[in-house]
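S.K.: Produce the entire structure from the sequences given, and follow the hints as far as they go.
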Amino acid sequence: MSTAGSAQPLSPRCAFMSPGGPESPAMASASFPRCTSVRLSVSVAVILLLMSVTAVQSSQGDKEPVYRDCVKLCVRMNCTGARLRGFESSQPQYMTLTGEALLAGWTCRDDCKYQCMWTTVGLYLAEGYRVPQFHGKWPFVRVLCFEEPASALASLLNGMACLLMLLRYRSTVPRQSPMYHTINAFSLVSLNAWFWSTVFHTRDTYLTEKMDYFCATAVILYSIYLCCVRTLGLRRPGVSSMVGVLLILTFTSHVSYLTFVSFDYGYNMAANATIGMVNLLWWLCWCWQNRRTLPYWWKCGLVVLLLHGLALLELLDFPPLFWVLDAHAVWHLSTIPVHFLFYSFLIDDSLYLLNTEKLGVKVE
Numbered sequence: 617m618s619t620a621g622s623a624q625p626l627s628p629r630c631a632f633m634s635p636g637g638p639e640s641p642a643m644a645s646a647s648f649p650r651c652t653s654v655r656l657s658v659s660v661a662v663i664l665l666l667m668s669v670t671a672v673q674s675s676q677g678d679k680e681p682v683y684r685d686c687v688k689l690c691v692r693m694n695c696t697g698a699r700l701r702g703f704e705s706s707q708p709q710y711m712t713l714t715g716e717a718l719l720a721g722w723t724c725r726d727d728c729k730y731q732c733m734w735t736t737v738g739l740y741l742a743e744g745y746r747v748p749q750f751h752g753k754w755p756f757v758r759v760l761c762f763e764e765p766a767s768a769l770a771s772l773l774n775g776m777a778c779l780l781m782l783l784r785y786r787s788t789v790p791r792q793s794p795m796y797h798t799i800n801a802f803s804l805v806s807l808n809a810w811f812w813s814t815v816f817h818t819r820d821t822y823l824t825e826k827m828d829y830f831c832a833t834a835v836i837l838y839s840i841y842l843c844c845v846r847t848l849g850l851r852r853p854g855v856s857s858m859v860g861v862l863l864i865l866t867f868t869s870h871v872s873y874l875t876f877v878s879f880d881y882g883y884n885m886a887a888n889a890t891i892g893m894v895n896l897l898w899w900l901c902w903c904w905q906n907r908r909t910l911p912y913w914w915k916c917g918l919v920v921l922l923l924h925g926l927a928l929l930e931l932l933d934f935p936p937l938f939w940v941l942d943a944h945a946v947w948h949l950s951t952i953p954v955h956f957l958f959y960s961f962l963i964d965d966s967l968y969l970l971n972t973e974k975l976g977v978k979v980e
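Here the working numbering is used: the first residue of the sequence shown is 617, the next is one more, and so on.
Please note that the accuracy of each hint is not assured.
List of simulated lysine-lysine pairs, BS3-like, C-alpha gap at most 30 angstroms [claimed, not checked]:
id, residue 1, residue 2
1, Lys688, Lys729
2, Lys688, Lys826
3, Lys826, Lys729
4, Lys679, Lys826
5, Lys729, Lys679
Everything labelled a hint here was simulated from the structure, so no lab data went into it.
Note that this is a predicted model, so its numbers are computed, not measured.
M.R.: Written out as structure tokens, the structure reads:
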């Protein structure tokens, strides 16, 4: 166990009930839950670094013999023949539809893992040990079809905030503004990332994990492109075009390596940290250079600083409160208001660019 001293692996006999989806009977320990079934604009290095390490790896909980034996016994007793047909027929419709939509249904084996996870958690706490992680994650109570309900809800709310502010941007800024189309494209990339973040926290599979990571990286790279267009491209379109091609090649190479060679979480973290730092420093340099001429520059600078500061919430990393709310969910919830500040900056800057273009003033 992940505790001090020379604690030995748990040995009590695995006790569980036949899996039955979100309405399965209670676990052996009655005090534990029943079996109830990007990214933001101008994302920065720390955020992507923290997101990257949410890897599905072996953890103390799933290494325990009691957990492994429990899963094996559960699968052998409940996931074949009539028992398996009973599980499939009793599975709620929303679970079935979610599984089909995400190309990864909630299988009998998945439900065994869920049941045995809570059995192991109960034994850990009964013996006075800390809550263990399973497959790189804390144990979360499943609410309907959501594996991580708080994080899924927070990601959805981030996406809704992004969509709301995009609609406000479109209604406020004329299409003739020089940055209009670039910002619209960036917003769509961000919406896509928040969509996959919601999906990933709803159902963690090989596909949804990769889409969450890849789309988050796309937001960082597009934020670099957005900054390039704003700082160089308005006067030198050729430069922003070349940078855009370079960023596309970078993204393609990154995804290809992780998909076809090796999904190396260490490399993924280092790559995201590097491009995030480029993004961060470029935006902050622009803010510093324009602090005397643009009265709204502070909004962009504050967004960057807030994203860095709020990302530190991930370092708290505590077992989920009520088996729902963990540090990752708190971080996602805290970034929701930042969308409003960032789009306020984009609106101010787009209107400024439109006015200076009409007046024939050189844009800096």
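S.K.: Of all the hints numbered above, which does this structure not satisfy? Sort the numbers upward.
M.R.: none
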